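Construct all of the structure, not just a fragment, from the sequences and the given hints.
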Amino acid sequence: MTEDLISKKELLEQTGISYGQLYRWKRKNLIPEDWFIRKSSFTGQETFFPRESILTRIDRIKNMKDELSLDELADVFSPSVSNKVLTRVEIERKHLVTPISIHLFLESGSEKEKQTFSFEEMLCIYVLDQALASGQMNREEGILLVQTFQAYYSKFQDKGCDIILTRKMGIPLFTMLTTGSEVYFDTGVKEVLRLSLNTYLEQLKVKLSESEGF
Amino acid sequence: MDKDIKITGNGSSGGGIVRNVKIVGEGVIHSDVESQYFKCTGTAAVNGHLRSNQIKLTGSLHVQGDVYGDSIKTSGQFEVGGKLEVRHVKLNGDTVVKRSIHSEHFKAFGSVRLHGDCSAEQLRIKGAIQTEGMLNAEHIDIGLYGLCKVAEIGGHKIEIKRTLMSSLFHMFNPKRQSDLIADTIEGDVLHLEHTEAKVVRGRKVYIGPGCRIGLVEYSESCKKHSDAVTEVCNQIGSL
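Sequence order for the protein chains is S and D.
According to this note's numbering, the first sequence is numbered sequentially starting from 1.
According to this note's numbering, the second sequence is numbered sequentially starting from 1001.
A hint or two may mislead.
List of simulated lysine-lysine pairs, BS3-like, C-alpha gap at most 27 angstroms [stated by the list, open to error]: (1) Lys1098(D) - Lys1073(D); (2) Lys1083(D) - Lys155(S); (3) Lys28(S) - Lys1149(D); (4) Lys112(S) - Lys159(S); (5) Lys1157(D) - Lys8(S).
If you're looking for bench data, these hints aren't it; they were derived computationally from the structure.
Here the structure is a predicted model, which means the values were calculated and not measured.
Written out as structure tokens, the structure is:
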């Protein structure tokens, strides 16, 4: 998986932002440190970024910076989980996820009648919801997804991670790995879904902060 | 929480969460310490992290771990084994930080050496700074006195000048040498003097006396002093 890179100069030209802005956003952790890829070139060192991620990120910062302060934005993009607690009623009222997903989440856990959810659990339901909505994962696999998520998500701490769903001869298998790391399977394995948890985390945080505005 | 640590003369303490820490003379704190106010006159060592709203130092202080707080003022020798994360920083004298510095208002007189990045909103240094990492601030103002070495400088407005004392010193001792050495300097508005850099990029660039720059790229304007050397100077599209 060789990523498509964009040089800093090209990035500034294409997006129309200034060095001042770029460094300001870096300082505020709106752009993660590990996106700054340093490579030596004929002039010494050049900085590159993963093209897709940085362009969408800058686009979103530009769109949201009028409504949110830089610090609030930083919170949206930070990979750490906030310590917010949500009740089941709140989640349903805000239409964050479908009730089916909440139900399935509860079914796969030990507490069937849980009414409050931590942010991490909320993220898990959200991921489950999105995966189910994609139509590529069935309910049984959903339960497996929840169990995998709950057992291992905390191990990644503040690093971003992906969940991959693969099937071989109809047997589902979930794999969790840090974002950007390479993984290869044998030829009989079909990669069905790759879920970037960081993307969902951001989406969820945005949705939550939007719904709080009302 | 209502406890204080007071050491006068020679003593040590276990640390913990307290209200005030006052050390006059020589003191050692054996573990992490958290306080509202930390004052040291003399010599002190903290064998752990130091977290305090206000920190004042006259003399020398060695912290093995990180330093967190709202404001810090030091004069003398200050050594941090971890990172320094304090909103308002004023350093006088000799400072060594093993990892990074993260601040809002950062002012230093004297020498600062660190191994990581130094980021702040306002960054003012009169003296010398040396790091393998980068300086990143909205507004960077460096008064050169002694040799500065950094890998990268980035921000909105960057000013690098010699201080009066340094200019006088160089007047009587006219050995040509650069006072600041960097790989890349990037910003919107740049004013550089006595700087040696491989690449300088900016919107409005002024290359002042004593500069030796490999490549200059600018989008709006570029002025060059007659006593500056630039190998390549290109105007490029919007930045």
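Checked hints:
As the CA atoms of Lys1098(D) and Lys1073(D) are separated by approximately 19 angstroms, the hinted pair is consistent with the 27 angstroms bound. Of the supplied pair hints, the one linking Lys1083(D) and Lys155(S) holds, its CA atoms being roughly 24 angstroms apart against a limit of 27 angstroms. A threshold of 27 angstroms between alpha carbons decides the hint, and for Lys28(S) with Lys1149(D) the separation of about 24 angstroms falls inside it, so the pair holds. For the given pair, Lys112(S) sits about 30 angstroms from Lys159(S) by alpha-carbon distance, which is inconsistent with the 27 angstroms threshold.
Of the supplied pair hints, the one linking Lys1157(D) and Lys8(S) holds, its CA atoms being roughly 18 angstroms apart against a limit of 27 angstroms.
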